[in-house]
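Chains as they are written, first to last, in my numbering: chain A, 1 to 199; chain B, 1 to 556.
Honestly, the hints are just simulated from the structure, not real lab data. Any given hint might turn out to be false.
[Claimed, not checked] Lysine-lysine pairs mimicking DSSO-like chemistry, simulated, CA-CA at most 30 Å apart:
id	chain 1	residue 1	chain 2	residue 2
1	A	K174	B	K154
2	B	K430	A	K106
3	B	K480	B	K250
4	A	K104	A	K30
5	A	K136	B	K464
6	B	K250	B	K402
7	A	K84	B	K464
8	A	K39	B	K402
9	B	K397	A	K94
10	A	K174	B	K147
11	B	K430	A	K104
12	A	K39	A	K104
13	B	K7	A	K39
14	A	K104	A	K84
[What the hints assert, rightly or not] Computed footprint of chain A on chain B; a stretch qualifies when at least three of its residues, placed anywhere within it, have a C-beta under 8 Å from a C-beta of chain A:
id	region
15	83-94
16	419-433
All figures in this text were calculated on a predicted structure; none of them were measured in a lab. The beta carbon of each residue, even a glycine, is placed where N, CA and C say it ideally should be.
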Amino acid sequence: MDGILYAIAIMALGGVVLGALLGYASTRFKVEGDPLVDKIDSILPQTQCGQCGFPGCRPYAEAIAKDEADINQCPPGGDENIHKLAELLGKEYKPLSEEHGIEKPKQVAIIDEKVCIGCTLCIQACPVDAIIGAAKQMHTIAEDLCTGCELCIPPCPVECIHMVTVVDTPDTWKWQKPGTASRVIPIIPVMATIQSEHA
Amino acid sequence: MKLFSFKGGIKPDPNKTQSTVLPIAQAPLTSRYIVPLHQSVGGTPRPTVQVGERVLKGQRIGEADGWISAAVHAPTSGTVVEIGPHIIPHPSGLATDCVVIEADGRDAWIERTPFDLDQAEPDAVRDYLRDMGIVGLGGAVFPSHVKLSVPRGKQVEQLIINGAECEPFITCDDRLMREQATEVVQGSLLFGRLLNAGKVLIGIEDNKPEAIAALKEAQQQLEAPLEIVTVPTIYPTGGAKELIRVLTGKEVPGSRRSTDFGVQVFNVATVQSAWRAITYGEPLISRIVTISGAVGEARNWSVPIGMPINVLVKLAQPRTDMDGVIMGGPMMGFRIPATAAPVIKATNSLIVHAPGLFPPKPAELPCIRCGSCAQACPQELQPFELYWWSRSAKFEKLENYKLFDCIECGCCDFVCPSHIPLVNYFRFAKSEILAEQREQQIADAARERHEFRQERAEREKREKAERLAKANAARKAEGKDLSAAALSPSPKTAPANDPDAAPDISSHPDQASTPISMDNHPVLDATAKQAAILAATERARLKREKHAGKSRDTTH
Numbered sequence: 001m002d003g004i005l006y007a008i009a010i011m012a013l014g015g016v017v018l019g020a021l022l023g024y025a026s027t028r029f030k031v032e033g034d035p036l037v038d039k040i041d042s043i044l045p046q047t048q049c050g051q052c053g054f055p056g057c058r059p060y061a062e063a064i065a066k067d068e069a070d071i072n073q074c075p076p077g078g079d080e081n082i083h084k085l086a087e088l089l090g091k092e093y094k095p096l097s098e099e100h101g102i103e104k105p106k107q108v109a110i111i112d113e114k115v116c117i118g119c120t121l122c123i124q125a126c127p128v129d130a131i132i133g134a135a136k137q138m139h140t141i142a143e144d145l146c147t148g149c150e151l152c153i154p155p156c157p158v159e160c161i162h163m164v165t166v167v168d169t170p171d172t173w174k175w176q177k178p179g180t181a182s183r184v185i186p187i188i189p190v191m192a193t194i195q196s197e198h199a
Numbered sequence: 001m002k003l004f005s006f007k008g009g010i011k012p013d014p015n016k017t018q019s020t021v022l023p024i025a026q027a028p029l030t031s032r033y034i035v036p037l038h039q040s041v042g043g044t045p046r047p048t049v050q051v052g053e054r055v056l057k058g059q060r061i062g063e064a065d066g067w068i069s070a071a072v073h074a075p076t077s078g079t080v081v082e083i084g085p086h087i088i089p090h091p092s093g094l095a096t097d098c099v100v101i102e103a104d105g106r107d108a109w110i111e112r113t114p115f116d117l118d119q120a121e122p123d124a125v126r127d128y129l130r131d132m133g134i135v136g137l138g139g140a141v142f143p144s145h146v147k148l149s150v151p152r153g154k155q156v157e158q159l160i161i162n163g164a165e166c167e168p169f170i171t172c173d174d175r176l177m178r179e180q181a182t183e184v185v186q187g188s189l190l191f192g193r194l195l196n197a198g199k200v201l202i203g204i205e206d207n208k209p210e211a212i213a214a215l216k217e218a219q220q221q222l223e224a225p226l227e228i229v230t231v232p233t234i235y236p237t238g239g240a241k242e243l244i245r246v247l248t249g250k251e252v253p254g255s256r257r258s259t260d261f262g263v264q265v266f267n268v269a270t271v272q273s274a275w276r277a278i279t280y281g282e283p284l285i286s287r288i289v290t291i292s293g294a295v296g297e298a299r300n301w302s303v304p305i306g307m308p309i310n311v312l313v314k315l316a317q318p319r320t321d322m323d324g325v326i327m328g329g330p331m332m333g334f335r336i337p338a339t340a341a342p343v344i345k346a347t348n349s350l351i352v353h354a355p356g357l358f359p360p361k362p363a364e365l366p367c368i369r370c371g372s373c374a375q376a377c378p379q380e381l382q383p384f385e386l387y388w389w390s391r392s393a394k395f396e397k398l399e400n401y402k403l404f405d406c407i408e409c410g411c412c413d414f415v416c417p418s419h420i421p422l423v424n425y426f427r428f429a430k431s432e433i434l435a436e437q438r439e440q441q442i443a444d445a446a447r448e449r450h451e452f453r454q455e456r457a458e459r460e461k462r463e464k465a466e467r468l469a470k471a472n473a474a475r476k477a478e479g480k481d482l483s484a485a486a487l488s489p490s491p492k493t494a495p496a497n498d499p500d501a502a503p504d505i506s507s508h509p510d511q512a513s514t515p516i517s518m519d520n521h522p523v524l525d526a527t528a529k530q531a532a533i534l535a536a537t538e539r540a541r542l543k544r545e546k547h548a549g550k551s552r553d554t555t556h
């Protein structure tokens, strides 16, 4: 009889000790923020263009994490990002949703400085502070900082901003993957062979 | 001296004797020189001349941009006729900004003043070499002054001067050591002094007995405290890491610098040109180029930087069926996209290609994982694994297999029984990974800026609200004390103490009495914006009409 009581006591004690340990660990090693949102956000291209329907990359990442948005709404990220998101989230790949836009090569905005009237509207629109200028002064865009989001184009009252595609330089140029000769294995439809045998 | 060895390596047909018979010849003056601004690793030099300006031989035409960068100079006297994009010898076939100089035929030098080494601070020497455009002439074109600054707390035990020149067909260093042995030895001593090196070693492969003899003679004459070491001829002994291994037994991993292990390596031509820059005040405006392959007269030429390659190659009497030019050697070089491109500081060799010179590479077959490439790899990598992950574009796996330790020497290509262009796969993977890193950096910077902007907007909103609340409180107090105010002027002081209080609000007391933030007021905000846009459009229209009117006036 004593044996059973001992066993119960030991098990109960063990439960209390382990429970306390788990409780301590959950407060001691508490993860701040949502690591999944951070992971999704790090895949997104950070253009902050809002083409996905959310006011920036982070809100879109949050929406994806909550399953409120699909993974194919980011045109600047393109196909590659959809693949990465699909892999991260264990979802099925789907092609870029057309209603959110099309994938384009990387672009930057250029201000035609002769036409600019210095209205500062584009500065207010730029999500990454890449436009330099002041009221009634000519504005210009720091090309290195421009994400190509195109948000500065609609507010411009004089249509002096246009997008140019970024061209490769010898420093940014990439080697092509060596052309691998694909071996063609002829596929003969099964039905055709059966029919020809019968004939 | 005890020598060490590295694993792997190959022994390709050296093909060096063709071009070592004749001495170095001076390339004759030509009419146009195209000098690319970006010739070394690091920042692109900024042009210091303008179109139409007359320049002298050796005049600086592009100044270094940043610490890792080196100046470029005019190779002859003449007039700058263009600064703009020109094709350069680069596998991409892309153009970069070049300074084009129309030669005047006088080849007149700038005033050359020797550099006083004894009076100068170490930093001044490095700045001087940067402004003289001294970069690594072995092919990597890394600015030399950067390599001459040793990290704090580190000591260079062995300075290695690389005269191994292991790649087939290339003999520019061989001829230089034979003909300018004294300058090479003096340059080696100079760098030994600048680095305060414990020991200076010149490593030369044993297939260059004439060069070894010439250097030994120069060393005896100068009584130079350095050691000339003959190393066995195995490709790629001339690779910096391999030569370090052979001479010192030290192994430098790809992620570390050789100075962390007390070793530094320079090419023989680099130390010679640096010595000339210090002793004679001559900037780096020419280099020795081996021309061989399908030519009538294979030899080395002293070529001004900027000379068009097609003009230079013609001097060597190329075969009529030539169909291209390879820059560098057959192992690591590449077919240049256009022979109109100029000779640059990295051009150590030009191999004129014609059908039959090299056997065509048979078609690529599947990898059979025989492991020959791993046995040949001097960096002790596993190329077949690297190939597998490069081919399937699983770039994150390549980190584990140390892709960036690959020096692209081509030993694996050479031994592969399936004729797989392994190095091309590795170059592809490397450039993809680097591009991805660049993109990630850009994205991270954009995220940071966006977050900062949002924070700022939030803060401004908060501050505005606080100011408003303060102003309102002050005004309320003012209203309460109105009866008292008639007696004393003090109530005025409250708003005066707060110069930030929005003036537009105070001018409309009826609006200000209710605490509305401008930001949160959709109607106010929108109408104000609308008005601003309308006004701006109107102004722009007028401006445009004025412009149109003007241009019409001028055209008629």
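Tested hints:
1. The suggested pairing of A:K174 with B:K154 is violated, with an alpha-carbon distance near 36 Å, which exceeds 30 Å.
2. With a CA separation close to 21 Å, the supplied pair B:K430 and A:K106 stays within the 30 Å bound.
3. Of the supplied pair hints, the one linking B:K480 and B:K250 is violated, its CA atoms being roughly 86 Å apart against a limit of 30 Å.
4. For the proposed pair A:K104 and A:K30, the alpha carbon gap of about 41 Å is over 30 Å, so the pair is violated.
5. The hinted pair formed by A:K136 and B:K464 meets the criterion: a straight-line CA distance of about 24 Å does not exceed 30 Å.
6. With a C-alpha separation of about 19 Å, the suggested pairing of B:K250 with B:K402 holds against the 30 Å cut-off.
7. Taking the CA atoms of A:K84 and B:K464, the gap is near 42 Å; set against the 30 Å cutoff, the hint is violated.
8. For the hint linking A:K39 to B:K402, the alpha-carbon distance of about 25 Å falls within 30 Å, and the restraint holds.
9. With a C-alpha separation of about 25 Å, the suggested pair B:K397 and A:K94 falls inside the 30 Å cut-off, and the hint holds.
10. Of the supplied pair hints, the one linking A:K174 and B:K147 holds, its CA atoms being roughly 27 Å apart against a limit of 30 Å.
11. Annotation: proposed proximity of B:K430 to A:K104 holds, straight-line Cα distance about 24 Å (limit 30 Å).
12. About 24 Å separates the Cα atoms of A:K39 and A:K104, which keeps this hinted pair within 30 Å; it holds.
13. About 42 Å separates the Cα atoms of B:K7 and A:K39, which puts this hinted pair outside 30 Å; it is violated.
14. Under the criterion of a C-alpha separation no larger than 30 Å, the hint pairing A:K104 with A:K84 is consistent with the structure, at around 18 Å.
15. For the region 83-94 of chain B, the proposed coverage by chain A is satisfied: 5 residues have a C-beta within less than 8 Å of a C-beta in that chain, meeting the threshold of three.
16. Counting residues of the region 419-433 of chain B whose CB falls under 8 Å from any CB of chain A gives 8; the rule of at least 3 is met.
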